[in-house]
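Spelled out from the first residue to the last, the chains are:
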Amino acid sequence: MAAGAMTAAIETKGLRKQFGEKVAVEDLSLTVPRGEVFGFLGPNGAGKTTSLKMLLGLVEATAGSATVLGAPLGDRATRARMGFLPEHFRFQDWLTGRELLRFHGRLYGLGGAALEARADELLTRVDLLDAAHRAVKTYSKGMMQRIGLAQALLAKPELVFLDEPTSGLDPLGRLLVRDIIHELKADGTTVFLNSHLLGEVEATCDRVVFVKAGRAVHELLLSGDVAGLDVDLRTGPLDDGARAALAELGAVQPGLDGTMRMRVAALDVLPEIARRLVARGVALYEMKAARKSLEAWFLEVMGEEQRPG
Amino acid sequence: MRNLITIAHLTLHEAVRRRVLTAALIVGTAFLALFGVGMHFMLRELNKSHDLTLIERRVMLNALTLAGLFAASRLIVITAVLLPVDTLSGEIGSGVIQTLAAKPVRRSEIVLGKWIGHWLVLLVYFVLIVGGVLAVARALGHFTPPHIERGLPLLMLEATVLLSVAIAGGTRLSTITNGMTAFGLYGFAFIGNWIEQIGTFTDNVAARNVGTVSSLIMPSESLWNLAAYQMQPTIMRELTATPFSPVAVPSVAIVWWSVGYIVVALWLGLRVFRRRAL
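Quick mapping for you: the protein sequence lines, in order, are chains A and B.
In short: position in the first sequence from 1, add 13, done, that's our numbering.
In short: position in the second sequence from 1, add 11, done, that's our numbering.
No lab work stands behind these hints, which were simulated from the structure alone.
Hints should not be assumed to be uniformly reliable.
EDC-like cross-link-like pairs, simulated, lysine to aspartate or glutamate; straight-line CA separation at most 20 Å [as the list claims (entries may be wrong)]:
1) A/Lys150 / B/Asp97
2) A/Lys225 / A/Glu24
3) A/Lys305 / A/Asp243
4) A/Lys150 / B/Glu25
Excised from the complex, chain A in its bound form (with noise of 0.2 Å):
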């Protein structure tokens, strides 16, 4: 088992960048855990490329300190553990995607066979064994983002970092760049995922930070207990009595007909709210729960304030 094992995947304590005047990181404390895929959320401008940067070693923090599997940033022993897939991958166009794949596992120390095997794995992984011989500028945006994909993966990392790995692929491309994600986490790969699709991220990772002016403001674990959800109802006339008893619950939102809204922390506050209706008299007609949205949970933590970037 390799050094430091036991410890988390990514660790940073208070990790703050600033440019000039200009602060891209305020404040930025998150563990993940080793084996999770972790969404990273946030509107542009928030500081999420900066931070990937900085876990990277691409980018020296200002301040704060932080571990990448268990060693301190920019270690370069490290590194030969990681992969990254940077956003819009462009690499040098006039190589065919088998000498981009060579070139890249010779950094990793990879060679011979070995490294001939490794690249016709990814290449048939990622569907490019076809145009493995093509020089990458006739690619499509989707295949340079694949062939990149299969860059990030040649040394078998233990933590991948992906920045926007489905912009530019179609619908196909996002359900192989999906599974590949999935494979990864039954492998025990570590993900770092930044992504604007919430889509995407609702499918694929197990908890996500919200990132806000370069501070993780929420986390929310997708896995395992669902976390939050909008249960409509349809009720007969409620006195304050019944109304109070219900906000104690969550937030409430009447609609039109005696419909309302509500928004509940967990499932088991379901049977509650039935019990308290019914303990009133009120007449239940209707009730339907539904997790809440990735989106709906993103303009809530970002705030009405908040501007398209």
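On the provided structure of chain A, position chain B as indicated by the hints.
Then chain B, alone, in the frame of chain A:
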């Protein structure tokens, strides 16, 4: 070390694949063809003049060959700057460098690997162009300048100084600023050299000192002068009859200064690049 070789290899590969060497070959061949035609007609005139002594004939041939080498060295200097001018700044701008620097690679290996790769491409170009000039002089005039074993390494050193400046500049400057700075320094040295030559000729100490300082700021022109001085016979040096016979001959110390210049330029580049946000 392995990473250094991998990055140098990619740079060489790039020169071949992006047809840099093909373009160099075509331009070089055109240049050599022009030089050959010029030399042919000059020699025809020279051969008609039966009253020329053997020494006068050799001086003329030497001046012609040095003219060819002068033009060749300008082409090589231009190539030394243009070849690597966007290798770092371009890759930083496009984000290509992020994938590279996130690998288990030292940043110094990226810079030095690129330096080695470009230096080797430049060496190929140098051998092609300078070798071509000497081959044409040999074939048409049956002449080779003296001490080319001293002169040619100095010309390559001149190109290496500019290559190193362009690579080091790319760690901090944008492509256009980097190119302008490198060529600006080269032009600065060119003018400085003429001030020094005229100052020496007219015994103007102040002008001569200005030239000396400029050659310390950018030693390229002094290296050319020293190379040209080495590759001509004593009589030609003393007569200072051609533009290639410097009045103020640079000290051999300029060679060590230039080597130090390259080391310091690369060291500064590495220092900047090591901490640069990519």
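Hints versus structure:
1. A distance of roughly 19 Å separates the Cα atoms of A/Lys150 and B/Asp97; the hinted pair therefore holds under the 20 Å criterion.
2. Among the hinted pairs, A/Lys225 with A/Glu24 is consistent with the structure: their alpha-carbon atoms are about 18 Å apart, no more than 20 Å.
3. For the hint linking A/Lys305 to A/Asp243, the alpha-carbon distance of about 5 Å falls within 20 Å, and the restraint holds.
4. For the hint linking A/Lys150 to B/Glu25, the alpha-carbon distance of about 14 Å falls within 20 Å, and the restraint holds.
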